[in-house]
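Knowing the structure of chain S, use the given hints to seat chain A on it.
Protein chains: 2
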Amino acid sequence: MIFPELYTPTLLLEKEKLMANIARMQAHADRLGVQLRPHLKTLKAAKAAEALIASGARGITVSTLKEAGYFLEHGFKDITYAVGMAPAKLPEVASLMARGADLKIMTDNLEVARVIATEASQSGIGYKLLIEVDCGDNRGGLQPESEELLHIAEQIANSAAHFLGILTHAGHSYGVNNTSAIEKIAEQEREAVVRAATRVRAAGYVVDTVSLGSTPTGLYAKDLSGITELRAGVYTVFDMDQQSRGVCQTEEIALSVLSTVIGHNKAAGKILLDAGGLALSKDRSADKFRPEVGYGQICSPDGTIIPELYVTSVSQEHGHVRVRDVNDYKLFPIGSRLRILPIHACMTAAAYDHFNIVENGVISGKWDRVNGW
Amino acid sequence: MIFPELYTPTLLLEKEKLMANIARMQAHADRLGVQLRPHLKTLKAAKAAEALIASGARGITVSTLKEAGYFLEHGFKDITYAVGMAPAKLPEVASLMARGADLKIMTDNLEVARVIATEASQSGIGYKLLIEVDCGDNRGGLQPESEELLHIAEQIANSAAHFLGILTHAGHSYGVNNTSAIEKIAEQEREAVVRAATRVRAAGYVVDTVSLGSTPTGLYAKDLSGITELRAGVYTVFDMDQQSRGVCQTEEIALSVLSTVIGHNKAAGKILLDAGGLALSKDRSADKFRPEVGYGQICSPDGTIIPELYVTSVSQEHGHVRVRDVNDYKLFPIGSRLRILPIHACMTAAAYDHFNIVENGVISGKWDRVNGW
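Keeping their order, the protein sequence lines are chains S and A.
Under our numbering, read the first sequence as residues 619 to 991, first letter to last.
Under our numbering, read the second sequence as residues 619 to 991, first letter to last.
Just chain S, same shape as in the assembly (with noise of 0.2 Å):
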């Protein structure tokens, strides 16, 4: 049996294609001269912080204030935290930054700027700001051409808090399944963004961070002039929803659950495994392009693709497979394992406490990672 030493379900972290895929962001942010600044949402631990650091990293996103906590405990200092600031977190952000973290946070609202520029100004905590902007998402963010953007400059600027720039993120990118589709949101990411800064430059203040990304777009941009940083996660180990997106292909996915064959249900033409919703998430993202996928598409222990096998419905500790024909129950007896590529990394790594690290085909280590508020 591969991995004996595992008990199922566990997540499985391939660090040969990990480390391809955080060498092929890393040479386009390069190449298109600008700092990566990767996501951590998506695998929350410290030792992938590190290699990507080591890899040419330029600081770290995370999506909470216990990633920014649990990063720092771990050394890295230089964090920006991408989710709209809520008064009521400041005094954990004046902790962090108390502890010697070099914490950005951001906000698209004039009401918690006046907040954050009032605290600064009487504690003299010099929060650091960033202005969101929606290039398109509908999620978080002022219109680039909103007065409002320059309200919140004035704001900031004006207080012993700092204003540091913009920054924007273009979900909306994950919408489409084509290159060019894709190429054109990058398009439109870079130039609200930089719209933006022009704006508040123009009124008078100083932007040093023009900041934009997501994968499909970090990915795919031709050109980012004006763009000073990228944000991107998912890129870091990709999975199904990326793939029926044409952003990866099946191959380049680093991350997947190892689980094991626990029932037969022939009279309802299915093999049970021992991962369900609560093992692989009830994320449906790739339904828009390749709706077979369904829960994740599954592979050999040893992680060759296996056509057409799919996790087709799932309860909490139950992945459903509907068989291709008869033959699969040899194929997959109970008590074997097969490997299953989530849907979405993100939403799959998070019900785990650690990544299994497979070198070489052997389970080289354990990497631990971070979860909760």
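Hints were generated in silico from the structure; no laboratory data involved.
On a predicted model such as this, the values are computed, not experimentally measured, just so you know.
Please note that a few of the clues may not be correct.
Chain copies aren't distinguished; within one or between two, either way the pair holds.
[Claimed, not checked] No farther apart than 25 Å at their CA atoms in a straight line, the calculated lysine-lysine pairs in the PhoX-like style are these:
| id | residue 1 | residue 2 |
| --- | --- | --- |
| 1 | 884 | 707 |
| 2 | 707 | 984 |
| 3 | 635 | 984 |
| 4 | 684 | 984 |
| 5 | 707 | 948 |
| 6 | 695 | 665 |
| 7 | 884 | 984 |
Structure of chain A alone, referenced to chain S:
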């Protein structure tokens, strides 16, 4: 601010509602003359098991062996592991039994039964086995009329292992949304497992346990003749999935996620919360009957339901709420808090390591829970 001591997103468990839900199922089981063996896959908390046992439950059900170990450490010995047994997990079962667990395992496969019988006879460990039958859910389980059912009973009965009985789960009761349809499935569930038990008894084997259950069928079964025990879990807290199926009222849902408003994207017509796909899960089980509910029903921080306000989409750390009209921006300013009633309690709770217990409107304590495998 309500619950000022809490950092968001975090999980709230309302004790009064929990206890009322526990009492409702216990009273129903008592009325029907069956023992209740609650499924702890939802709450995974020792304090919850304590409350259930104190209310009359006999033993517990778990979905992972890690849960079994956790509950054993907290003094709960009578445990059924209701997921198909993988032979590779037998050493962990043996270890739990050696530490004092009265652990019941199950299979629906003759090969697995042979392995268990052989291991039992070689080691002298008296593994206790239930056979799973499929009553229409099409997940695990043999058909009640299958020959394999008798062969497994024979294998086990002729070994050092113990054959305990038959078990089924009417997961397909989640596919309907009215009590008369649920009642029919409850009778189908009862009939299937009783039929299997009758066949095994007729073949000369003692069947002590005849076990069934799901929250819908558990609550709406009218007759459980021939049944010895009922298993169900999510009834303890309910969720919007159960509400969408008419199994509970929204007001009976005891679990919620406390979140903070972190953004207003007025151009996109939405409020952003700091509870996204990880904090809520990406479960969309309520879609079949109430697609408008999306990723959760929104309530004010004190738990009052806000009509027609839902988490309409999620990204990893953002919950997106489509506003009803522009007045919502005034009602829910940035920094204010909202509660979210989850779609699927078992999936949502798994992102957290504890519950904040709400009693009389204030936080009275924390209950830890176990996650992972």
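Now for the hints, and whether the structure bears them out:
In this assembly of identical chains, the alpha carbons of residue 884 and residue 707 lie at most 25 Å apart only when taken from different copies (23 Å versus 53 Å within one copy). With identical chains, the CA atoms of residue 707 and residue 984 are at most 25 Å apart between copies only, with a shortest distance of 21 Å across copies and 32 Å within one. Taking the shortest alpha-carbon separations for residue 635 and residue 984, only the intra-copy value of 16 Å comes in at or below 25 Å, while the best inter-copy value is 41 Å. In this assembly of identical chains, residue 684 and residue 984 lie within 25 Å of each other by CA distance both inside one copy and across copies; the values are 21 Å within and 19 Å between.
Taking the shortest Cα distances, residue 707 and residue 948 sit within 25 Å of each other only across copies (21 Å), while inside one copy they are farther apart (55 Å). Taking the shortest Cα distances, residue 695 and residue 665 sit within 25 Å of each other inside one copy (15 Å), while across copies they are farther apart (39 Å). For the homomeric pair residue 884 and residue 984, neither the shortest alpha-carbon distance inside one copy (37 Å) nor that between copies (45 Å) is at most 25 Å.
Going through the hint list in order, the structure does not satisfy hint 7, though it satisfies all others.
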